[in-house]
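**Q** Listed below, chain by chain, are the residues.
Protein chains: 4
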Amino acid sequence: MPYEFRCRQRVEFADTDMAGIVHFSNFFRYMEKAEHEFLRSLGLSVHGVDGPDVVSWPRVNAECTYRAPLSFEDELEIHLLVREKKSKSVTYEFRFRKQAAEEVVAKGSITVVSVSIDRGTGRMSAIAIPDSIDRLIEVAPQEMFE
Amino acid sequence: MPYEFRCRQRVEFADTDMAGIVHFSNFFRYMEKAEHEFLRSLGLSVHGVDGPDVVSWPRVNAECTYRAPLSFEDELEIHLLVREKKSKSVTYEFRFRKQAAEEVVAKGSITVVSVSIDRGTGRMSAIAIPDSIDRLIEVAPQEMFE
Amino acid sequence: MPYEFRCRQRVEFADTDMAGIVHFSNFFRYMEKAEHEFLRSLGLSVHGVDGPDVVSWPRVNAECTYRAPLSFEDELEIHLLVREKKSKSVTYEFRFRKQAAEEVVAKGSITVVSVSIDRGTGRMSAIAIPDSIDRLIEVAPQEMFE
Amino acid sequence: MPYEFRCRQRVEFADTDMAGIVHFSNFFRYMEKAEHEFLRSLGLSVHGVDGPDVVSWPRVNAECTYRAPLSFEDELEIHLLVREKKSKSVTYEFRFRKQAAEEVVAKGSITVVSVSIDRGTGRMSAIAIPDSIDRLIEVAPQEMFE
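Residue numbers (numbering that gives the first Met the number 0), protein chains in the order written: chain C, 0 to 145; chain S, 0 to 145; chain D, 0 to 145; chain X, 0 to 145.
Mixed in with the good hints there might be a few duds.
A pair counts as met if it fits within one copy or between any two copies, since identical chains are not told apart.
27 Å max Cα-Cα, derived BS3-like pairs, lysine-lysine [unchecked claim]:
| no. | residue 1 | residue 2 |
| --- | --- | --- |
| 1 | LYS85 | LYS97 |
| 2 | LYS32 | LYS97 |
| 3 | LYS32 | LYS106 |
| 4 | LYS85 | LYS32 |
| 5 | LYS87 | LYS32 |
| 6 | LYS32 | LYS84 |
| 7 | LYS106 | LYS84 |
What the hints contain is simulated information worked out from the structure, not anything from laboratory work.
If we strip away everything but chain C, and leave its shape as in the complex, we get (with noise of 0.2 Å):
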């Protein structure tokens, strides 16, 4: 059962800002997108058709620490790790890293929650983790966090 997930993102221009380095604000547009890559490569979305509602996963926090800024065009790869999973929520780590270089430049964090959202009203209720979504996502053993 899968714990990590690997995916590259190139920086493009406008993830850049004036300091000519890539917007913080961008760090966590690329979590969300290996978060989505990860789901896919499992068959999953995630924002779903569950029969009558739509099943969607809001982010209740995030977090980044950044270590080393990040320019145009540079690629970088990212690792997503599964840090904790509850009955509601799932908490995936992320850790980013320059092309062909071990370093970590920015590590962050994602905790989301599992809802239902009724379609007539737009209202959000939070579920437990569906089942075919829970026995396919594993916690990564402790040790790769230490």
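Place chains S, D and X on chain C using the hints.
**A** Chains S, D and X in isolation, oriented as in the chain C frame:
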């Protein structure tokens, strides 16, 4: 009946790119923001519930000509004009000026169509501009475009 | 000496995602915008020329906890507090509330470091917070964080 | 000598808005990304150092016509064509198609000018297209635009 609107926009850090100026895609966000402020000033919303359906205004065309770059913390005046009104669409023109200056630094337009979105399927169908909106918006005099 | 600041933010259409709520990454843009408004209110800029160098404030950490979703056209009050000040860094805390409500819908923080950017190479070096800035910002009383 | 280029783009969650489709401003980011991939395929960069100056390509016009909405996780093919080449500017045309389909769902263009940016002041001056770039790009045959 109103055919023009003016609002202000400050350039945020996140709007800039590594060339030190506002990224060109953000002018489209600024235009849309001005359009929505215009609609709000009339008591309308660009995306609202009308009985069982959601009425929205997807864009069918957008265009911008850039004459001078804009920088962080610049304050802009955005001047919206209703350029054309058809049975199912409206075209807005936008003129960007720096604070206290007459020169137009960018000029753009957006053409929107009136659609009804089915809440079950998300499918969009073009509809005639709702009467409640049609009677509030007028096309600007031709001489304003010369 | 100021240790807090309040400003307002309206949710724009482009800030929303297909779940119908503000995309989580945009809270970081809102926080940064509040930080920059705070600095401007003190006559400062987050990115300015200081003799031969450019002084800027890259982020080393950013974090946000989301308690309730925000929707298009919601008006927010953002309450900034200076939480910590070290020799080379400042940590700001941000509390988001909907208009005329007391409940905090999101709470986040950003830690920034003072750097000097060499204009020739673009290289950044951490520096002590410039005196002109240091003497204008104070840490908020501890009881405000309890 | 190349006059066209094809690349792929997947629609990310953050690219959508509350109408459930790709926000119109993001098509401009997709176009720019395709332009930069095209330049990279030629060994070029859109923003590079050329002796004492930085050579960059600010946009003077951008335009897009939207024929069908795009949704989360759609995969697009973007087909770039060099439509016009003048002494100081290049116009690219972009055609968006969904995977394995022939229908054009959106069509746009971007006109860029070659500038030199003074590293001290950040000031931009229009220059003739650098020879190293000019000799690598050709205008597509007229019949491709009919």
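**Q** Taking the earlier hints as the rules, which of them does this structure contradict?
**A** 1
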